[in-house]
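One letter stands for each residue in the lines below.
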Amino acid sequence: MRIFIFFGVLFAATKVGACVSCGSATGAAVRAGILNDDFVRTLIEVAAPFPLIGLILYAVNRYLPE
Amino acid sequence: MRLPVTRPLTRAGICVGVGLGGFVDGIVFHQILQIHSMLTGRLPADSLVNVEINMFWDGLFHVFTWVMTVIGLVLLFRARLVPEMLWSGKVFVGSCFFGWGLFNVVEGLMNHHVLHLHHVVEQRGESIFDVAFLLFGVLFMLVGGCSIRTARRHAMKPDLETLPVQYTASRCGRPASGPDVRD
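Heads up: the protein sequence lines correspond to chains H and R, in order.
In terms of numbering that gives the first Met the number 0, the first sequence has 51 at position 52, counting the first letter as 1, and numbering is strictly consecutive.
In terms of numbering that gives the first Met the number 0, the second sequence has 87 at position 88, counting the first letter as 1, and numbering is strictly consecutive.
It should be emphasised that the hints constitute simulated quantities derived from the structure, not laboratory data.
Any given hint might turn out to be false.
To be verified - Not the full set, but computed from the structure, chain H residues with beta-carbon under 7 Å of chain R:
hint : residue
1    : S23
2    : A27
3    : A28
4    : V29
5    : G32
6    : N35
7    : D36
8    : I43
9    : V45
10   : P48
11   : L51
12   : I52
13   : Y62
14   : E65
The C-beta atom is built at its ideal place from N, Cα and C for all residues, glycine as well.
Looking at chain R on its own, in the form it has when it is part of the complex:
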């Protein structure tokens, strides 16, 4: 019995998750709430010129998240060629959450804490919101990882509902499938 394959789907899901996580950050925090932009740690959004410069760098940031999403979609399209693929929604959504969390952790650590390009709530500077951003990232990674593991374990378990049927059939001299090789 060959085990179902999940790696291509997981790989694609993580890439899509990183891209969509970046879009959530850009759309919600940069554009709708406007609590920070890409370079507000250095160029506060207090004049039209600074707002426009920040907008330019926000745009480049969105280019990178777009590229990650496209890479994820290409990987997902290619995953269809794998014959033993386990097409599980739990694996894919779990991978997306893992990717989103990964984005939050890496982006949060680098941009908020190492490079200080911006902070989650720029008015407060380095604050509890930056820590919360990281914690949500770790939480998403854990939830995603658990979801992938659960789906894989479930897929690898023998189908308990069909086992008694197969057992009964073989006891009656009728194998569940294939030729009888006992003799």
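With the rest of the complex left out, here is chain H:
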């Protein structure tokens, strides 16, 4: 129960800041900056190195001596 109260107070406190989930004007601007039309494209670009690294790891694992 205490943990829920702790997080409740924490989330209430963050309302005064500019977090993504809060309702301030800055928060709304941040949300708009993240969840815009480029969201999926940016997500793919940020994630892009990791699938490539995965492929390289697969190749290394396949051709690595036992």
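Keeping the supplied structure of chain H fixed, place chain R upon it in accordance with the hints.
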């Protein structure tokens, strides 16, 4: 004689190295030095809104590095099931360095040079620091690869200290181990 197995340990080490290399980048460059963030090539960190948007994408980047680290730890845990495993610190640390270097090379090429999401020192744009980042990646891969090779070679060499003992024992008619099958 069966050769010791190193592949599962190497695989796990590379995954851990990729994850930890990503954390080094995120913690040192994004958070402590704050010389770039994930999207500073497009959204310069000159306002609170831009800083927070960059922080969000930094967080997602850290999610991916965290996932790589967890995959590495799972592979390491599973490697314990391989009976002939060579549990070598040199192989594991070498693999981690190889993974770190691999992360630097791939992330550096894609994010700094192809997609231009950010540069190592954002104020300078595409600079010598981006090249240095790649070179350190290649260096780490070479150091890691050499360390793995050396450890494997060392493990495959016959134990030279015990050879004369075995030879002497067999000359005296007492085999070092197992039954005498000469007759």
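Hints breached by this structure
1, 2, 6, 7, 8 and 13
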